[in-house]
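Chemist: Heads up: the protein sequence lines correspond to chains C and E, in order.
Residue numbering for the first sequence follows my numbering, starting at 943 and increasing by one per position.
Residue numbering for the second sequence follows my numbering, starting at 469 and increasing by one per position.
Bear in mind the hints are in silico, worked out from the structure with no lab data behind them.
Treat the hints with caution; some may be incorrect.
[To be verified] If you want the footprint, here are the derived chain E segments under chain C, 3+ residues with CB under 8 Å:
#, region
1, 540-548
2, 565-573
[Claimed, not checked] Derived DMTMM-like pairs: lysine to aspartate or glutamate, alpha-carbon spacing no greater than 25 Å straight-line:
#, chain 1, residue 1, chain 2, residue 2
3, E, K542, E, D528
4, E, K509, C, D1004
5, C, K1010, E, D571
6, C, K997, E, E555
7, E, K524, C, D1026
8, C, K1048, E, D520
9, C, K1048, E, E482
Virtual Cβ for every residue (Gly too), placed ideally from N, Cα, C.
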Amino acid sequence: QSALTQPPSASGSPGQSVTISCTGTSSDVGGYNYVSWYQQHPGKAPKYMLYEVTKRPSGVPDRFSGSKSGNTASLTVSGLQAEDEADYYCCSYGGSNNWVFGGGTKLTVL
Amino acid sequence: QLVESGGGLLQPGESLRLSCAASGFTFSDSFMNWVRQAPGKGLQWVANINPDGSVKYYVDSVKGRFTISRDSAKNSLYLQMNSLRAEDTAVYYCARGHVHSFDIWGQGTLVTVSS
């Protein structure tokens, strides 16, 4: 199964909002509401940010939100803060008990 | 939390077993996974095992070479990796499964395959 497609980079100034897209197919993103997002700072393990497209685990600020339309999911970070600068990965359940990740997006806070 | 161990430097064709020690949650009730990340690259799901260890799934590129297993008495997850290839070089993370996503991650262990 092919990786999901994410833009390699995104950026925004502090306080602004930025949206990162994640495009798959009807066999993964479009077929299931099991899209999740992970934040990864350099040299660190990924951190669970969103699951089931829109749900936030406890402790994740409500500045992070998710949505999905057709085969494309999106992560929006509102009120950008310096600590949001990181790599972000989407992931979707792809059916037949396998999971596929996106290639990652490097978010820069200007 | 999850703590991986067992990584190292190996030659192509060699074998290695990774371990992941779990604490702070009911390991025996949890689906568990291995996810890897090649240097400078993105994440890739590798393998999944159900709570009682009876059902296992793998990404196509490791089928027949890697085996995921668990020992609930020891709260431990394992990944036996045989016939290692250069393209298996990565940081290997264990991660708990949660509604078709991964909610708890270890710090990772680096496996380098090089001649």
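Chemist: Now tell me if each hint is right for this structure.
Modeler: Here is what the structure says about each hint:
1. For the region 540-548 of chain E, the stated coverage by chain C is not satisfied: 0 residues place a CB nearer than 8 Å to a CB of that chain, which falls below the threshold of 3.
2. Residue count for the region 565-573 of chain E with a Cβ under 8 Å from a Cβ of chain C: 8. That meets the three needed, and the coverage hint holds.
3. A threshold of 25 Å between alpha carbons decides the hint, and for E/K542 with E/D528 the separation of about 29 Å lies outside it, so the pair is violated.
4. In summary, the hint linking E/K509 to C/D1004 is not supported, as the alpha carbons are separated by about 28 Å, beyond the 25 Å threshold.
5. For the proposed pair C/K1010 and E/D571, the alpha carbon gap of about 20 Å is at most 25 Å, so the pair holds.
6. Our distance criterion of 25 Å between C-alpha atoms is broken by C/K997 and E/E555, whose separation comes to about 34 Å.
7. For the proposed pair E/K524 and C/D1026, the alpha carbon gap of about 35 Å is over 25 Å, so the pair is violated.
8. Restraint check for C/K1048 and E/D520: the C-alpha separation of about 38 Å exceeds 25 Å, so the hint is violated.
9. Our distance criterion of 25 Å between C-alpha atoms is broken by C/K1048 and E/E482, whose separation comes to about 35 Å.
The structure fails hints 1, 3, 4, 6, 7, 8, 9 (numbered hints given earlier, in ascending order).
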